[in-house]
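K.L.:
Sequence:
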Amino acid sequence: MFQIEFFLENEQLNWSASIHQLNSDILQRHIFPKLHSKQHNLEFAFSESNMMGSILSVTGVKLGTFKIV
Numbered sequence: 001m002f003q004i005e006f007f008l009e010n011e012q013l014n015w016s017a018s019i020h021q022l023n024s025d026i027l028q029r030h031i032f033p034k035l036h037s038k039q040h041n042l043e044f045a046f047s048e049s050n051m052m053g054s055i056l057s058v059t060g061v062k063l064g065t066f067k068i069v
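Counting from 1, one number per residue, gives the positions in the sequence shown under this note's numbering.
Rather than coming from a laboratory, the hints here were simulated on the basis of the structure.
Keep in mind that the hints are not guaranteed to be accurate.
[To be verified] Here are the simulated distance ranges between beta carbons:
1) M1 <-> V58: 28 to 34 Å
2) M1 <-> M52: 23 to 29 Å
3) V69 <-> K38: 26 to 32 Å
4) K34 <-> I68: 17 to 23 Å
5) M1 <-> S37: 26 to 32 Å
The C-beta atom is built at its ideal place from N, Cα and C for all residues, glycine as well.
Could you put the whole structure together from the sequences, leaning on the hints where they help?
P.N.:
See the structure below:
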């Protein structure tokens with residue numbers, strides 16, 4: 001099981017969640033309900049070396065971050 005901490009910049013919102021598997025579908029299920037914008041697709045950039053990632057719009061705008069703790 002993974003413990004993930006999320007932070008959305010525009011919403012100034014952070015929270016954590018426990019997940020069993022790390023993939024984009026699961027990340028999106030945790031992020032979509034918290035977004036105030038109507039983003040239909042998200043992209044993720046993840047670094048295994050520091051266990052951190054960026055939450056991006058499809059146009060490449062950084063919406064927030066997440067990390068495995």
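K.L.:
Compare the structure with each hint and give your call.
P.N.:
Against the structure, the hints come out as follows:
Remark: the range hint 28 to 34 Å for M1 to V58 is upheld by a beta-carbon distance near 29 Å. For the hinted restraint 23 to 29 Å between M1 and M52, the CB-CB distance of approximately 18 Å leaves it violated. Here the CB-CB span from V69 to K38 is close to 30 Å, well matched to the stated 26 to 32 Å. Between K34 and I68, the C-beta spacing of about 18 Å keeps the proposed range 17 to 23 Å intact.
For the pair M1 and S37, the beta carbons lie near 30 Å from each other, so the given range of 26 to 32 Å is met.
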